[in-house]
Amino acid sequence: EPEVTQTPSHQVTQMGQEVILRCVPISNHLYFYWYRQILGQKVEFLVSFYNNEISEKSEIFDDQFSVERPDGSNFTLKIRSTKLEDSAMYFCASSAAGAAYNEQFFGPGTRLTVL
Amino acid sequence: SQQGEEDPQALSIQEGENATMNCSYKTSINNLQWYRQNSGRGLVHLILIRSNEREKHSGRLRVTLDTSKKSSSLLITASRAADTASYFCATDEGGRRALTFGSGTRLQVQP
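Going line by line, the protein sequences match chains A and B. Residues in the first sequence are numbered consecutively from 1, following our numbering. Residues in the second sequence are numbered consecutively from 1, following our numbering.
Don't read these hints as lab results, they were simulated from the structure. From the three backbone atoms N, C-alpha and C, an ideal C-beta is built for every residue, glycine too. Incorrect hints may appear among the rest.
Residues of chain B clear of chain A, computed beta-carbon distances all greater than 12 Å [what the hints assert, rightly or not]:
#1 69
#2 81
#3 103
Partial pick of chain B residues on the chain A-facing surface, computed with a CB cut under 8 Å [as the list claims (entries may be wrong)]:
#4 10
#5 13
#6 14
#7 26
#8 31
#9 33
#10 43
#11 88
#12 92
#13 97
#14 99
#15 100
#16 101
Take the sequences, apply the hints, and build the full model.
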């Protein structure tokens, strides 16, 4: 069964450093998402991406964040200058076209630890 | 309560019993989805129910949706120890694709 994959599974970085989290969505899906879950808190929406551009973003997704689909398979989230409060589990998700079936499938997550 | 709030927050049952979790939300929705998350792991999609559906089944799972009460329930029948996890409902407010998650129900199934 096709699945969303994410790398790395765990990333440790120093405050102020840039990190890039990588995702390979399900191959025939057209919508891509990033969510995050701070330890012990709810899963929060960050951004959605369709047709090579951001379609929605939350207040969390400020200028420190960017997304890119550099080729036909990868989808990346870049955090330009990490802060301690960026420590969280980051989930990538994808869904097929069609608003009526916004069935989003999530990857296993990347645990980001900012020291 | 906030969009997509589950209750109870925690539920402990014996293997073989049924587990029922509830979710309430505030705005109009297109779909409501249920996910499972094992501790520290990813989110596993369980089932999606559309706003014009009232009930849906998938294996041992039964989901109901009452749009007039803005609530949904997830029933797991004949629970197993492997069902131990946190369960979340997630809604997409009309026209948007972003999912709003609740705080989840932690289910413990005792063998």
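Check your understanding: Which hints, by number, does the structure contradict?
Key -> Hints 3, 4, 5, 6 and 7 not satisfied by this model.
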